[in-house]
Every structure is written in structure tokens, then in C-alpha cells.
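Chemist: Heads up: the sequence lines are chains A and B, in that order.
FYI, this note's numbering numbers position 34 of the first sequence as 34, with every residue one higher than the one before it.
FYI, this note's numbering numbers position 373 of the second sequence as 373, with every residue one higher than the one before it.
FYI, nobody ran anything at the bench for these hints, they're computed from the structure.
Errors might be hidden in some of the hints.
Now the stretches of chain A that chain B is said to cover, found in silico as 3 or more residues with beta-carbon under 8 angstroms [said to hold, decoys possible]: (1) 14-24; (2) 84-97.
Simulated restraints, written as ranges between beta carbons of each label pair [as the list claims (entries may be wrong)]: (3) Val68(A) <-> Thr603(B): 18 to 26 angstroms; (4) Val2(A) <-> Thr603(B): 56 to 64 angstroms; (5) Asp573(B) <-> Ala71(A): 58 to 66 angstroms; (6) Asp573(B) <-> Glu88(A): 54 to 62 angstroms; (7) Glu88(A) <-> Val598(B): 26 to 34 angstroms; (8) Asp573(B) <-> Ala82(A): 50 to 58 angstroms; (9) Phe64(A) <-> Val598(B): 30 to 38 angstroms; (10) Val598(B) <-> Ala16(A): 25 to 33 angstroms; (11) Asp573(B) <-> Ala78(A): 16 to 24 angstroms; (12) Tyr606(B) <-> Ala82(A): 16 to 24 angstroms; (13) Val68(A) <-> Asp573(B): 55 to 63 angstroms; (14) Ala16(A) <-> Tyr606(B): 15 to 23 angstroms; (15) Phe64(A) <-> Thr603(B): 57 to 65 angstroms.
Beyond 10 angstroms from chain B on every Cβ pair, some chain A residues (computed) [what the hints assert, rightly or not]: (16) Tyr7; (17) Ser11; (18) Ile31; (19) Asn43.
Here the structure is a predicted model, which means the values were calculated and not measured.
Yeah, the Cβ is synthetic: ideal placement off N, Cα and C, and Gly gets one too.
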Amino acid sequence: MVPISHYTILSAVLFAIGVLGVLTRRNVIVIFMSVELMLNAVNLSFVAFAKHYGEATGQVFVFFVMTVAAAEVAVGLAIIIALFRNRETINVEEINLLKW
Amino acid sequence: MQTYVIWILLCPLIGVLINGFFGRRLGRGAHVVACGAVGVSWALSILVFLRVLNGDALGVDVPAKLYSWISTDTLNVVVGFRVDELSAVMLLVVTTVSFFVHVYSIGYMRGDPGYARYFTFLNLFVFSMLVLVLADNFVQMFVGWEAVGLCSYLLIGFWYEKKSASDAGKKAFIVNRIGDFGFLIGLLMIFANVGSLDFYFVFRDAHNLPQATVTAIALLLFVGAVGKSAQFPLYVWLPDAMEGPTPVSSLIHAATMVTAGVYMVARCHVLYDLAPAAAAVVAGVGAFTAFFAASIALVTNDIKRVLAYSTVSQLGYMFIGVGVGAYAAGIFHLMTHAFFKGLLFLTAGSVMHAMSGELDMRRMGGLKRRMPVTAWTFVIGAVAIAGVPPLAGFWSKDAILDAAFHGHPILWAVGLVTAFMTAFYVFRLIFMTFFGASRVDREVEHHLHESPPSMTVPLIVLAALSVVAGLVGTSEQGGIFAFLNRAFGDVEGHEGAGGKLGLMAVSVLVGLGGIFVAYRLYLARPYTRERAARPGGALHRLLSSKYYVDEIYHALIVQPVSRFAGFLWDVIDSLIVDGLVNLTGLFVKVVSWVVSRVQTGRTPFYATSMVVGTVVLLYYIIR
């Protein structure tokens, strides 16, 4: 039996990697992947706690998160493609039209 | 009787509503509604007068109440009517003159674009004046008092496209406002001291008040009368009010509205009897104004303004009368004056009508040949005002002079001098306008014509009234004096039978003397264009510039007020008020500029902020 702490530490590490990816990378696709990583880190802790407490709620939430993530991927990739068609770049440093 | 009175009031009001809402569609039919409404009021007023003549009355012995208007713990205002001998006479005078002025206006205002509007205002005026006259409490009287002021303003500025007319309207309104302010304070003092504003209670309880309070109240009410009845120093609006249509000058600014002050003093005779000092002020102001205005009229060349100053002067006469306690004489003069001055104004209007709006007497002369009816009715009015027996003005003027002679010889002397000047200026007007050689411009002379019957018939009727109206007051014991004194109670009747004939002879001689001097100066020596152009002496300059009163007011009041208003505009409004508003806007603008710098548009920056924010929040929550 793997103790709960292992799962939570793994989850935290994955989440931190996701955050660092979002903050440091320039490529929009990579940032996008990092966001997915953060979502799945959260999913991991959800199922871990669900198992630990013997409750189904956390598992149900995981399904919701996965559904939302799938929708987000569809929309997000569409935005990225639209951006690329217009700006010929996927570097976030160069995408800065929406300001004062 | 109450039903009659209600309909007397309602008829003009219905006329206002019909003409006000549908007047444009009625077009020339507007005058049918207006004249019909006032005609019904007139007929009913005669009925009411006859009832009062037989001893009937309304609201004298008990407070009259039609309905309760304002009802609180302390203040109760009812709407009700007081019909006694005094208001019956006023009712008759107001509706009679109103009716004939309405008829006259049909001809005078023909073709004016504001035809229906004119009759709406005129009906509204009649309604307001009747509210004033029939009121049985001070609040209702004040409502009428203000409403006639409003109608006066509307009608003076009737031709509002003309700058001088709209200015004159404003001047009348503002000057009246000064007087009305005093009047209002008087009302508040009455309420504070008596606890009621009903005539019935006020006059019943007035003798319980301290002398000083009654005097203050009486003086404050008189301030209102000074404004409304154009007495010195608030008379300045009346000559300017001549900018309005002439029938308006006749009805409002000669016969009815301006006499409201005299009526008010007579109505409050209980208060003035209790406050001899205030009554003396009334008589003094009246005498001074009578002399002052008559002296200006001596040299005025504008036909309507001569009559305007004459009105101010005659109102002064009435105030002498009511001031010395001869209330019946004052009201009698009010009545005769309404007829002959209304007539004089209407004839002046007829002259204007024929002369294409020309008002300067120096450009008239010899009009008698072309407009005989106008000329001769004017002469009748002039003889009446000059105080030649047996016409109306003689009897009423003599009654006032007679009352003044007993106890106030100075007022009598002033009145006598004024009577001389009155006879002089009014006959100067006649000789310059209707007699002598013509000084009329060629193109005006070409279409000089007598006025249509709708104008001349009222002239003839009013001329007839000017002849006979005085005959009701030939005896101090009977006629109108006995009738009115029923309302004024036991006014001390002065035993003047002995010297009366002598006094009469003196005033007749004075009147004839004035006429004779005018004849010598303006008819025996032909008044030519050259003579008209010659400059006068110092006294003439002083008089013809109206004692520089308008200039003094301009310098003392208008200028400082307008400069203060300019200061308020430039400094308080533009600088401080607008400044504060603009400062608020500027503050928001600056802050939003600073805050908007956060929106860099760079996604990594947003992401970093979000993470940092989340970490900080988590730290605070978990800690």
C-alpha cells in the first residue's frame, strides 16, 4: 500500500513543473501543455484522496476536469491556429496586442 | 348667491381652458369664447351687486367656506368668498371694464398672430382679479395677487419678439416681486400673531394685538400695495408696462390690477384704523406719488406714457383717500378712475391704431377731423379726470380732497396742486393730439381712419359711464358713500357741509385753471414742429428725464446686482463649482491612467502575476 503522502508529493511536483513551464516557456504550445500538466496533477491528488477516504466524489470531479480540459484543448488550439495564421508566430513575447 | 359667485369665477376660467387648448383651431372664433365668458360674468356680477344692494352678503358675519384647501394642526386655509359692499363694487367695476376691453380687443388685435393667446391671457387675468377681489382670506387674496401679476407679465411681454417688451415684462415682474415680498412677510406676521389668515378672524381679533405689531403688519401689507399699485418708489415698472397691447394697459394697468393695492388697504381698513402711523404713511406716500408722477406727465410726449404717469398719480390720490380714513372716497375714485382712465387708454389705443403705432404726440395734431368719435370720447374722459363737474372725476376727487382737508391740510394742498397739473397735462395731450395743425407724417396721414365699431362702441359706453358714474356720489350721506360705509363700519363722518361748497369751488377753479393754461400754451400758440424740436430748460430736462429715477436705480441696484451676479458666475460657478466637477473628472482620469499601465498585453506577465497572487493569497489563508 502506497501512503497518501507519495501521491500528494508527486502531484505537487507535477504541478510545480507545470507552473514553471507556464512561466518560463515562450512557445504557446508548450505553455498549453504545461497547463494540461497542472490539470492532471490536480486530477492525481483528487483520485488519491478519493481512494484514501473511500469516497467517490473526487473521482467524479476528475471526470469533470477531464471533460473541461478536452473542451479547453479544442478551443485553445483553435485560438493558437488562428493566432498563427494572423501573426505567423507562436511566441508569447510577440503576442501583446491586448493592452491599454 | 354663492352659486352666482362661483359661476362669475368659473366663466373666465372655462374661457382660458377653451382658448388655451383649442384657441389655435378656433382662430378668429377665440374672441367669441372670451367675450362670452366675461359677458356672462358681467351679467352675473350685476345680479350679485343688486342682491348686495338689497342687503344680502356672503362671508361677512360668518367665515365663508367653499372647501378646505390646506388643513393642518395650526394652519387652516379655506377657499371661500366674501361678498360685501366693497367687493360688490369691485366686482362690478372689474367685470364691466373687462367686458368692454374684451370687445374693444376684437378690433384692436385683429390679425395678430397671437390672437387666441391674447384672449387666453386676458381671460386668465379676469379670473385672477376676481379671485383677488372675492377672496375671504389672505392666502386666497395672495393667490389672486400673484396671478394678476403673472398675467400682467405675460401681457406686457405679449409681443415677446420685441426686446423692449420682454424687458418691460421682466421689469414689472421683478419690481412687483419686491413689493410682494413685503406683502408675504405681512401675511406671515398676521399668521404668527393671530393664528389665522381668514379675514373674519383677523379683523375680529386685530384689536387685541399690540400697537407696534399692527403697525408693522399694516406697513408690510402696504409695501405689497406700493409694488402692485405702482407707488413711489416702486412705480417704475408701470410706464414701461406700456409696451404691452393698449387694451391691456387700459384693463390691467389703469382700471383694475393696479388698483388692487387700494382695494387691499380698504379691505384691511380694520388694521389701518388701528395703526394711525401706517395710515399716515399710506396717505403720505400717496400724496408724494400723486405729485411726483403728475409732474413727470407734464412734459412726457409719449401719449401712453402720459396716461401711465397719470395713472400712477391718480393711484396716489386713491391712497390719500384710504390713508386719511376716507375709504369710501378712495374706492369711489377707484371706480370712476377705472371708467375714465380705461376710456382714455382705449382712445389712445384707437389713435395708435389709426397712426400705425405712432405714440409721439409731437407727430400728431388735428386728429379730431379724421377720427371724431375717438376725439370726443377722449375729451369726455379728459374732462372727467380734470375734475370738471358734473363728470365722474370731479365728485370722487373732490370727496378725497374734502376728506384730506379736514385734518390733513398739507395733503389737501398737494392734492390740489396735483389736480391742477392733471388738468394741464391731460389737456396738453388733447390739444397736441386732436386739435391744432396736423404734424402727422405724410404716409401715415394717408391712411388715417376712424376705428371700427367694435372699438368705438366700448369708447362710447365708457364715456357715458365717465359722465354718469360720479352721480352716485354727489352726497356724502347717500349714494355710494352710504353703501360702502356699510362695509367700512363707523368711519368718522366729517361734518363738512359748511365749507364743502367753497372747497368744491376751489377745486373746480383749479381744474379749469389747468385747462386754461394748457390752452394758452398749446392751442392759442400753435404747436409746430419747430417748437417741438426746441430744447427745454433745466427743469424741463429734469422732468423729461423722469427725475433720473431709472438711472439712479440702474446705478444703485441693477448695476451692483448684475456685477455681483457676474462675480458669482465667474468665480463661484465657473471657478469653484465647475472646478470641483472638472477636478473629479481629472482625478479619475489620472488614476485610471496609472492603473491601466498594468495591462501590458504580455501573457507571461499576466501569468506571473496570477501565480504570485495565488501564492500570496494561499499564504494568508493557510497561515
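Chemist: With a C-beta cutoff of 8 angstroms, work out whether three or more residues of the segment 14-24 of chain A approach chain B closely enough for the coverage to hold.
Modeler: With 3 residues closer than 8 angstroms to chain B, the segment 14-24 of chain A meets the three-residue bar; holds.
Chemist: Does the Cβ pair Asp573(B), Ala82(A) satisfy 50 to 58 angstroms?
Modeler: holds (55 angstroms)
Chemist: How does the Cβ-Cβ distance of Phe64(A) and Thr603(B) compare with 57 to 65 angstroms: does it lie in that range?
Modeler: violated (26 angstroms)
Chemist: Minimum C-beta separation from Tyr7(A) to chain B exceeding 10 angstroms: can you confirm that?
Modeler: holds (20 angstroms)
Chemist: Quick check: does the Cβ-Cβ distance between Ala16(A) and Tyr606(B) fall within 15 to 23 angstroms?
Modeler: holds (19 angstroms)
Chemist: Look at the Cβ atoms of Val598(B) and Ala16(A) and judge whether their distance stays inside 25 to 33 angstroms.
Modeler: Since Val598(B) and Ala16(A) have Cβ atoms about 26 angstroms apart, the given range 25 to 33 angstroms holds.
Chemist: Could you tell me whether the CB distance from Glu88(A) to Val598(B) stays inside 26 to 34 angstroms?
Modeler: holds (28 angstroms)
Chemist: So does Val68(A) sit 18 to 26 angstroms from Thr603(B), Cβ to Cβ?
Modeler: holds (20 angstroms)
Chemist: Verify that the Cβ of Asn43(A) lies farther than 10 angstroms from every Cβ atom of chain B, and report whether the claim holds or is violated.
Modeler: Label holds. Min Cβ-Cβ 19 angstroms, cutoff 10 angstroms.
Chemist: Can the suggested window of 55 to 63 angstroms be confirmed for the beta-carbon pair Val68(A) and Asp573(B)?
Modeler: holds (59 angstroms)
Chemist: Could you check the hint for me, namely that Tyr606(B) and Ala82(A) are 16 to 24 angstroms apart, CB to CB?
Modeler: Given range 16 to 24 angstroms: holds, Cβ gap about 19 angstroms.
Chemist: Could you say whether the range 56 to 64 angstroms given as a hint is met by the Cβ separation of Val2(A) and Thr603(B)?
Modeler: violated (38 angstroms)
The structure shown violates the earlier hints numbered 4, 11, 15, 18.
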